Amino acid sequence: MIEKRLVTDWVASTLATASEMAVGRGSVPRGDADPPFYLLYSVDTAVGGAPLADLNEDASLVYQITSVSGPDPDVPESTAWLSQLEWMADTARATFLGRDPATGLWLHPLLIPGVSCMARRLEVEWGGQPGGTSEQEAGIMTYVQRFRFDLTPA
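Using the working numbering, read the sequence shown as starting at 1134 and increasing by one per residue.
Worth flagging that the hints you see were computed from the coordinates, not collected in a lab.
You may find that some hints are simply not true.
Unchecked claim - Now the in silico label distances, taken between C-beta atoms and shown as ranges:
id : residue 1 : residue 2 : range
1  : Ser1216   : Pro1246   : 38 to 44 Å
2  : Asp1142   : Ala1235   : 40 to 46 Å
3  : Met1251   : Trp1214   : 36 to 42 Å
Note that the coordinates shown come from a computational prediction; the quantities given were computed from them, not determined experimentally.
From the three backbone atoms N, C-alpha and C, an ideal C-beta is built for every residue, glycine too.
Sequences and hints are given; from them, build the entire structure.
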């Protein structure tokens, strides 16, 4: 059986490394209450194939990644900016969907022993306004994306 916790750990650490930004798991990252940062949520799990008792069960996991852009701490009275928000969303997509053009391999391979990724895709891309949603009073903008990972025991 594929341990979801290990996949969640990989998603969070891979995005944090690729973006060089904090990733909070379901809440604001510890010690980093001011944007920019990412929020990670596990939103769906499906298993298929053999019965649950079989160790060869496939899994399809969906993670929501919310990019949170904020004011520039060095510029008084600044607010979030669309360019940063779009860069964050692009970075998340490149991290999980990017492939090496020469080999076709994932740029960030799933490094969990005994688990192989069969497919990855952008499941749903949300946003109330083009580029995301905005909270003017807080000076932040958010952009929500959902990524599906189809996994099988290796």
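Going back to the hint list, which numbers does this structure go against?
Hint 2 is the one this structure does not satisfy, whereas the remaining hints hold.
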